[in-house]
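There are 2 protein chains.
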Amino acid sequence: MAFNHAKLLKQPIKALLLDISGVLKDGDIPVQGSLEAVRTLQSMGFPFRLITNETLKPKSTIRNTLQMLGYEVNEQDMQCPVPFLKEILIKENLRPHLLLHPRMFAEFEGIDLSNPNCVVMGDAEEYFHYDSLNECFRKLIAMKNPILFSLGINKYYLDDDGLSMDVGAYCKGIEYATGVKARIVGKPSKEYFLRAVNKLGFKPEEVVMIGDDIEYDVGGAQECGLRGVLVKTGKFRPSDELHPKIKPDAIVENLQQFVEMYIKAQDTKQLQGVSA
Amino acid sequence: MAFNHAKLLKQPIKALLLDISGVLKDGDIPVQGSLEAVRTLQSMGFPFRLITNETLKPKSTIRNTLQMLGYEVNEQDMQCPVPFLKEILIKENLRPHLLLHPRMFAEFEGIDLSNPNCVVMGDAEEYFHYDSLNECFRKLIAMKNPILFSLGINKYYLDDDGLSMDVGAYCKGIEYATGVKARIVGKPSKEYFLRAVNKLGFKPEEVVMIGDDIEYDVGGAQECGLRGVLVKTGKFRPSDELHPKIKPDAIVENLQQFVEMYIKAQDTKQLQGVSA
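Keeping their order, the protein sequence lines are chains Y and H. Each number in the numbering used here comes from the position in the first sequence (counting from 1) with 3 added on. Each number in the numbering used here comes from the position in the second sequence (counting from 1) with 3 added on.
It should be emphasised that the hints constitute simulated quantities derived from the structure, not laboratory data. As the structure is a prediction and not an experimental result, all values here were calculated from the model. Treat the hints with care, since some could be wrong.
Simulated restraints, written as ranges between beta carbons of each label pair [to be verified]:
no.	chain 1	residue 1	chain 2	residue 2	range
1	H	GLU90	Y	PRO247	33 to 41 Å
2	H	GLU138	Y	ILE93	34 to 42 Å
3	H	PRO105	Y	ASP164	21 to 29 Å
4	H	ASN118	Y	GLU78	43 to 51 Å
5	H	ARG240	Y	PRO247	32 to 40 Å
6	Y	PRO86	H	ILE91	43 to 51 Å
Straight-line C-alpha distance at most 30 Å; calculated DSS-like pairs for lysine-lysine [claimed, not checked]:
no.	chain 1	residue 1	chain 2	residue 2
7	H	LYS184	Y	LYS184
8	Y	LYS248	H	LYS272
9	Y	LYS235	H	LYS184
10	H	LYS272	Y	LYS184
11	H	LYS142	Y	LYS250
12	H	LYS28	Y	LYS248
13	Y	LYS142	H	LYS235
14	H	LYS235	Y	LYS147
15	H	LYS142	Y	LYS235
16	H	LYS184	Y	LYS193
17	H	LYS184	Y	LYS250
18	Y	LYS28	H	LYS28
19	H	LYS147	Y	LYS250
20	H	LYS250	Y	LYS147
21	Y	LYS147	H	LYS193
22	Y	LYS248	H	LYS147
23	H	LYS142	Y	LYS184
24	H	LYS250	H	LYS272
25	H	LYS193	Y	LYS184
26	H	LYS28	Y	LYS142
27	H	LYS60	Y	LYS235
28	Y	LYS142	H	LYS10
29	Y	LYS142	H	LYS248
30	Y	LYS142	H	LYS60
31	Y	LYS142	H	LYS250
32	Y	LYS184	H	LYS235
33	H	LYS142	Y	LYS60
34	H	LYS250	Y	LYS184
Even for Gly, the Cβ is constructed at its ideal location relative to N, Cα and C.
So that you can see chain Y by itself, here it is in the shape it has in the complex (with noise of 0.2 Å):
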């Protein structure tokens, strides 16, 4: 456990962005100490938002689970791919193919998905093979104009059984073949992260990352000027803390110990005030 307060708390901490798999839950099952944690955090009123790169389960269904496992949260505060991706696709006129998980579609309702002029992946587990992903890379060099949009660029989750690879890894390999670059919708792009720092109302260097993607949740969050916080749950590996170049303003056992020791540096900083 490195908990550096030093850098951690060189400045005050206005408010959170959590991740959701692997922070708050693994699978349909809380991760330990994180359900207190949250409640902890809404008892004090402080600021949270939760941001994902989930896209195998709709927004509303991923508050049902969180619901059902006891964290009361709504929509309002989660900050999910896919309605973003919406707004982009609205916004500029493009009539998506989905690579997809197919419970997803019907979250495009009013999406023209006729005569596609780009291509859409997010994670597809079993619905990635060897016809969709063809599909994907046939559409793209017949396009004049190619446009690739991955929801989340991760290399890997943690699935029941195991790590299993992500969607960046089916996404790196269409950009090959095709010479396509992807454009990112989710962590770690800079509109993604700072659209939450708006929601919440601070400024990128007042709000605090935690979670459990080295890359993505805590480098991608420094890259926006937030801080960023490594736990040690959900895909977390032990070859994560030597990473050669993310170095997280703090690692922690989990999301409660963060909690816990936030209020203890509350707590000392008051007592410091009160004698001073």
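Once you've looked at the hints, dock chain H against the given chain Y.
What follows is chain H alone, placed relative to chain Y:
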């Protein structure tokens, strides 16, 4: 058509390396003029060798197909990735996990496939899917010293119903997710080209490679000191002529045109020799 005599004929051509798919045949159909071209080369006693990244079929099957189409070639004239890989596996005491078309498994007779300490990927068509790719990913991240072989790193090839993604796309995804850089067995690896040149008994600068892959046939050969000629058959796309980095020593309609123009150039030279 761009047949840059000056560049291509700056020094004598003593032997040829010929790609199979896209140059001699597309699927089970001979490329127009190639049967005649190969017969002409054979009747001239002009040395050539077939060099392919094909891993969907055993060498013996490829030879049978070529013979059925009318090419009088035998296995000694051909270089395929799998036999080359087998030499490496034996030499380095490696036990592969195979992501290949199942019809290739018999080619690994005599190779220990238990408790794998490396992963081998080749074109697998519909056997590229979520579970098979995830299996490679999981085996690699569990290895202390992960080794990944890719049989070629091609982006796409011409299938019966259009262009299809090749092993390179899937390999790049695995590389991205695992952080392991693949060792390429096949074109454009230097040792693969130089093996073929050595078997011909010439120096790289005396040999011309003829292929339909601008990057891995033409560019790869040029990197090894050979000259590289692009045919406009197989997976050739008009954009290949505008490749920002790779400039073929010649671009020809097909193999037959190359052979005819080569013979014409030789005749002209001889005539010039006579008149001088």
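Do the hints match the structure? See the list:
As the Cβ distance of GLU90/H to PRO247/Y is approximately 34 Å, the hint placing it in 33 to 41 Å holds. The hinted range of 34 to 42 Å is satisfied by GLU138/H and ILE93/Y, whose Cβ atoms lie roughly 39 Å apart. In this structure the hint that PRO105/H and ASP164/Y lie 21 to 29 Å apart at CB holds, the actual value being about 24 Å. Here the CB-CB span from ASN118/H to GLU78/Y is close to 48 Å, well matched to the stated 43 to 51 Å.
Taking the beta carbon of each, ARG240/H and PRO247/Y are about 38 Å apart, inside 32 to 40 Å as hinted. Look at PRO86/Y against ILE91/H: about 50 Å separates their beta carbons, and that is inside 43 to 51 Å. Note on LYS184/H and LYS184/Y: the hinted pairing holds, with a Cα-Cα distance of about 20 Å set against a maximum of 30 Å. Between LYS248/Y and LYS272/H the alpha-carbon distance is near 60 Å, which puts this suggested pair outside the 30 Å criterion.
Of the pairs offered as hints, the one joining LYS235/Y and LYS184/H holds, with about 27 Å between alpha carbons and a cut-off of 30 Å not exceeded. Using a Cα cut-off of 30 Å, the hinted pair LYS272/H and LYS184/Y is violated, with the two alpha carbons roughly 48 Å apart. In summary, the hint linking LYS142/H to LYS250/Y is supported, as the alpha carbons are separated by about 28 Å, within the 30 Å threshold. Between LYS28/H and LYS248/Y the alpha-carbon distance is near 48 Å, which puts this suggested pair outside the 30 Å criterion.
Under the criterion of a C-alpha separation no larger than 30 Å, the hint pairing LYS142/Y with LYS235/H is consistent with the structure, at around 22 Å. For the hint pairing LYS235/H with LYS147/Y, the CA-to-CA distance comes to about 21 Å; that is within 30 Å, so the pair holds. Distance restraint check for LYS142/H and LYS235/Y: the Cα-Cα separation of roughly 22 Å lies within the 30 Å cut-off, and the hinted pair is therefore satisfied. Our distance criterion of 30 Å between C-alpha atoms is met by LYS184/H and LYS193/Y, whose separation comes to about 28 Å.
A threshold of 30 Å between alpha carbons decides the hint, and for LYS184/H with LYS250/Y the separation of about 24 Å falls inside it, so the pair holds. Of the pairs offered as hints, the one joining LYS28/Y and LYS28/H is violated, with about 54 Å between alpha carbons and a cut-off of 30 Å exceeded. For the suggested pair LYS147/H and LYS250/Y, the alpha carbons sit about 24 Å apart, so the restraint of at most 30 Å is met. For the proposed pair LYS250/H and LYS147/Y, the alpha carbon gap of about 24 Å is at most 30 Å, so the pair holds.
Using a Cα cut-off of 30 Å, the hinted pair LYS147/Y and LYS193/H is violated, with the two alpha carbons roughly 35 Å apart. With a C-alpha separation of about 21 Å, the suggested pair LYS248/Y and LYS147/H falls inside the 30 Å cut-off, and the hint holds. In summary, the hint linking LYS142/H to LYS184/Y is supported, as the alpha carbons are separated by about 28 Å, within the 30 Å threshold. Using a Cα cut-off of 30 Å, the hinted pair LYS250/H and LYS272/H holds, with the two alpha carbons roughly 25 Å apart.
This hinted pair checks out: LYS193/H and LYS184/Y have alpha carbons roughly 28 Å apart, not beyond 30 Å. Proposed proximity of LYS28/H and LYS142/Y is supported: the alpha carbons are some 26 Å apart, at most 30 Å. For the hint pairing LYS60/H with LYS235/Y, the CA-to-CA distance comes to about 46 Å; that exceeds 30 Å, so the pair is violated. Distance restraint check for LYS142/Y and LYS10/H: the Cα-Cα separation of roughly 37 Å exceeds the 30 Å cut-off, and the hinted pair is therefore not satisfied.
For a cut-off of 30 Å, the pair hint linking LYS142/Y to LYS248/H stands: about 25 Å separates their Cα positions. Proposed proximity of LYS142/Y and LYS60/H is supported: the alpha carbons are some 28 Å apart, at most 30 Å. Of the pairs offered as hints, the one joining LYS142/Y and LYS250/H holds, with about 28 Å between alpha carbons and a cut-off of 30 Å not exceeded. A hinted pair counts as satisfied when its Cα atoms are at most 30 Å apart, and LYS184/Y with LYS235/H qualifies at roughly 26 Å.
Only pairs whose Cα atoms come within 30 Å are accepted, and LYS142/H paired with LYS60/Y is accepted, the gap being roughly 28 Å. Between LYS250/H and LYS184/Y the CA atoms are separated by roughly 24 Å; this keeps the pair inside 30 Å, and the hint holds.
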